[in-house]
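J.: Could you build the full structure based on these sequences and the hints that come with them?
Chains A and B, in that order, give the protein sequences.
Our numbering puts the first residue of the first sequence at 1, with every later residue one more than the last.
Our numbering puts the first residue of the second sequence at 1, with every later residue one more than the last.
None of these hints come from the bench; they were simulated from the model.
Among these hints, one or two may not hold up.
[Unchecked claim] A few chain A residues facing chain B, derived, Cβ under 8 Å: (1) Gln286; (2) Gln287; (3) Phe295.
Even for Gly, the Cβ is constructed at its ideal location relative to N, Cα and C.
Here is what each chain is made of, one letter per residue.
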Amino acid sequence: MKIIPFIVQKEFLQIFRNKSMLPIIFVMPFVQLLVLSYAANFEVKNLTLYITDHDYSAASQRLVNKFQGTGYFQLTGLSSGVQAGFEQIEKNEADLILQIPFDFEKNLYSRQPTDLQLIVNAIDGIKAGLANTYSNAIIADFNEEISAELPVTQVMRRAVPIQIESHNWFNTELDYKTFMVPGILVLLVTMIGAFLSSMNIVREKEIGTIEQLNATTIKKHQFIIGKLLPFWLLGLAELTFGLILARLIFDIPFEGSLLLVFGFAAIYMLVVLGIGMFISTVTDTQQQAMFIAWFFLVIFILMSGLFTAIENMPIWAQQITRFNPVAYFVKFMRMVLLKGSTFQDVQYLFGAITLYAIIINVLAILNYRKTSI
Amino acid sequence: MKQFIAFVKKEFYHIFRDKRTLLILFGMPVVQVILFGFAITNEINEAHIVFLDKSHDVATDKIKDKILSSGYFRLNEKTPRSSADLQEIFREGKVKVAVVFGQNFYKNMLTHQSANIEILADASDPNMATTLTAYVTAIIRQYQAEEQTITGGLIGTEVKMLYNEQLKGVFLFVPGVITVILMLVSAMMTSITITREKELGTMEILMVSPLKPGLIILGKSTPYIALAMINAVTILLLAWTVFEMPIRGSLLLLLAECLLFVITSLSIGILISTITNSQQTALLISLMALMLPTILLSGFIFPINSMPLVLRYVSNIIPARWFIEIVRSIMLKGVGLEVIWTETLVLAGMALLFIVVSIKKFNIRLG
Chain A
1 MKIIPFIVQK EFLQIFRNKS MLPIIFVMPF VQLLVLSYAA NFEVKNLTLY ITDHDYSAAS
61 QRLVNKFQGT GYFQLTGLSS GVQAGFEQIE KNEADLILQI PFDFEKNLYS RQPTDLQLIV
121 NAIDGIKAGL ANTYSNAIIA DFNEEISAEL PVTQVMRRAV PIQIESHNWF NTELDYKTFM
181 VPGILVLLVT MIGAFLSSMN IVREKEIGTI EQLNATTIKK HQFIIGKLLP FWLLGLAELT
241 FGLILARLIF DIPFEGSLLL VFGFAAIYML VVLGIGMFIS TVTDTQQQAM FIAWFFLVIF
301 ILMSGLFTAI ENMPIWAQQI TRFNPVAYFV KFMRMVLLKG STFQDVQYLF GAITLYAIII
361 NVLAILNYRK TSI
Chain B
1 MKQFIAFVKK EFYHIFRDKR TLLILFGMPV VQVILFGFAI TNEINEAHIV FLDKSHDVAT
61 DKIKDKILSS GYFRLNEKTP RSSADLQEIF REGKVKVAVV FGQNFYKNML THQSANIEIL
121 ADASDPNMAT TLTAYVTAII RQYQAEEQTI TGGLIGTEVK MLYNEQLKGV FLFVPGVITV
181 ILMLVSAMMT SITITREKEL GTMEILMVSP LKPGLIILGK STPYIALAMI NAVTILLLAW
241 TVFEMPIRGS LLLLLAECLL FVITSLSIGI LISTITNSQQ TALLISLMAL MLPTILLSGF
301 IFPINSMPLV LRYVSNIIPA RWFIEIVRSI MLKGVGLEVI WTETLVLAGM ALLFIVVSIK
361 KFNIRLG
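T.: Listed below in structure tokens is the structure:
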């Protein structure tokens with residue numbers, strides 16, 4: 001049983017000796033956490049708006065003020081010509097144009113229907129959708145205001161009062177970072193774990209030292225455990241640092257139990273390392289290992305629900321995410337950290353990830369034997 | 001010239017010998033375009049909803065029907081009986097919105113007292129919460145308008161979505177995918193292939209051959225230019241055939257800009273290879289200094305306008321940011337060089353700078 005600690009010691013020596021790897025392991029994840037948390041932001045801010053006002057009346061001015069007052073829109077220009085607005089859209093200076101028609105005020109006060117026109121640059125569909133939603137809300141509001149001021153007629157009496165009140169739970173301030181940071185922590189430990197472990201055994205192969213290790217009395221399982229233990233510890237250490245940063249810098253609420261988080265992370269790391277090891281056993285050079293790891297990581301990360309919700313994917317894609325360990329961990333972190341879900345709520349995630357860990361590691365060990373004999 | 005062709009041939013042999021890397025090089029663009037096209041979307045699709053109905057009358061039933069038939073929502077199998085149940089249901093994670101109807105809803109509506117509806121959204125995903133709340137509100141308002149004899153809405157809005165009528169996410173992502181793939185092939189692969197010659201010691205042998213150093217570098221990069229352009233065309237074809245993404249501007253201009261970007265990336269790759277000695281370092285530098293910023297800060301996935309000011313400045317020195325802008329403008333807006341000449345000039349300037357610096361560095365190494 002003394003053999004494993006020796007292998008672990010050797011691995012740690014090698015990790016700390018490699019000067020180009022050290023910054024990658026210890027600095028990069030935190031730069032990533034900081035940059036990603038600020039950059040990975042679908043929150044739509046600073047929408048630029050151009051207004052074409054054909055009416056130039058008190059009412060149209062009031063609508064313009066209302067648009068400016070909400071804070072969603074930044075006015076880039078106001079004129080009565082259409083052309084200037086289109087030019088701004090073409091040059092990306094404006095995101096949308098609001099056109100106020102002739103006789104806007106006159107129609108409004110005489111209760112004639114009048115049509116506003118919104119022209120949105122829709123290359124970014126998300127942004128366009130939100131711009132549309134915001135504008136419509138503002139216009140509806142404006143409408144209500146005007147209606148209230150108009151003299152009440154007999155017909156208006158039938159107005160149906162419905163009060164709508166909306167609440168946002170778990171993230172009352174709608175802070176996007178609160179949503180992203182738990183997921184980014186997952187990304188961080190996954191990348192480190194997968195890259196390091198996938199390049200590890202293959203390196204011994206490339207250099208030829210694997211033959212020497214195979215010739216010693218070290219048993220296969222001791223070798224594997226000894227190889228993986230250091231990275232497992234590193235991964236959990238990174239997670240700890242990451243969580244501390246998340247708490248201190250981003251003020252992420254820890255609603256659920258941290259014990260639960262680390263319990264899950266411990267099993268999850270086994271999966272990531274298992275995948276890395278599996279890649280290591282099927283490749284011959286570090287370059288190949290790196291490419292394959294990169295390829296799968298990109299797919300895993302894109303399909304994890306980290307950046308776009310899994311619920312919005314088509315059914316077949318949702319089925320594929322069942323095989324994606326990253327998706328399980330991202331979901332788990334959000335549930336436990338933000339909503340305070342208990343073990344009861346997440347036990348199926350535990351089950352799935354444990355099963356995954358067993359399968360992938362058995363596969364990797366089987367494959368390792370085959371290549372080394 | 002004959003020697004040069006022979007040299008390029010040798011490079012192609014190197015590339016075609018490594019089947020696994022080759023498979024990934026050609027498989028990656030296809031997989032990524034398909035993923036982005038179908039799976040990576042922010043369109044709301046059957047979000048799970050629950051109702052807590054304290055009235056159970058004609059009006060609430062009608063509203064529920066309207067919400068469920070809108071196509072955006074799907075009734076979850078759980079039915080809350082009290083407000084306390086809601087907390088529980090949200091914590092399980094599936095349900096995104098809950099709509100709570102107040103007591104005596106229909107009666108209040110008829111007697112002109114306020115009829116109350118409460119919309120609760122799981123805002124751990126803020127955008128989703130905002131959008132879903134807006135959808136539910138719009139549906140209720142519509143119901144309200146139908147119940148009134150004259151519509152409250154005097155102002156209609158006509159919305160026109162320019163360049164992308166159906167708001168397809170793939171239109172936004174395709175230019176980014178092209179960028180990342182071109183960067184990967186031309187910068188990362190080149191830097192690795194040149195450092196490999198150094199690491200293995202074969203660079204010395206090439207140096208004493210009659211080929212001039214400039215030609216050696218050119219010969220090493222030619223195959224990657226070809227590979228990168230093949231990839232670019234593959235992605236464009238896929239986008240066009242599978243997702244009906246148009247190329248509204250000039251195809252020739254688009255390909256020329258692709259070539260310009262490939263040359264810019266190549267020059268970065270060459271620069272990296274002149275300052276490193278091992279493949280692993282070259283790989284890690286490419287990954288950290290090129291790929292990550294390209295993906296994160298170029299506006300590929302995340303809008304640059306939403307970033308803090310510092311990151312917006314940083315994004316200016318990333319070539320990909322300019323290239324993505326160019327591709328989007330040509331493909332979707334159909335504009336010509338007269339609109340995108342600034343971006344083109346920036347890219348060309350960057351390429352020139354990197355080439356000059358690497359020639360300087362390269363000469364020093366020879367001495």
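J.: Hint by hint, note whether the structure agrees.
T.: Consistency of the hints with the structure:
1. Given the 8 Å rule on beta carbons, the hint for Gln286 (chain A) holds: about 6 Å separates it from the nearest Cβ of chain B.
2. Checking Gln287 (chain A) against chain B: minimum C-beta separation of about 6 Å stays under 8 Å; hint holds.
3. Residue-level restraint check for Phe295 (chain A) holds (minimum Cβ-Cβ distance to chain B is 5 Å; threshold 8 Å).
Consistency with the previously given hints is maintained throughout, with no hint failing.
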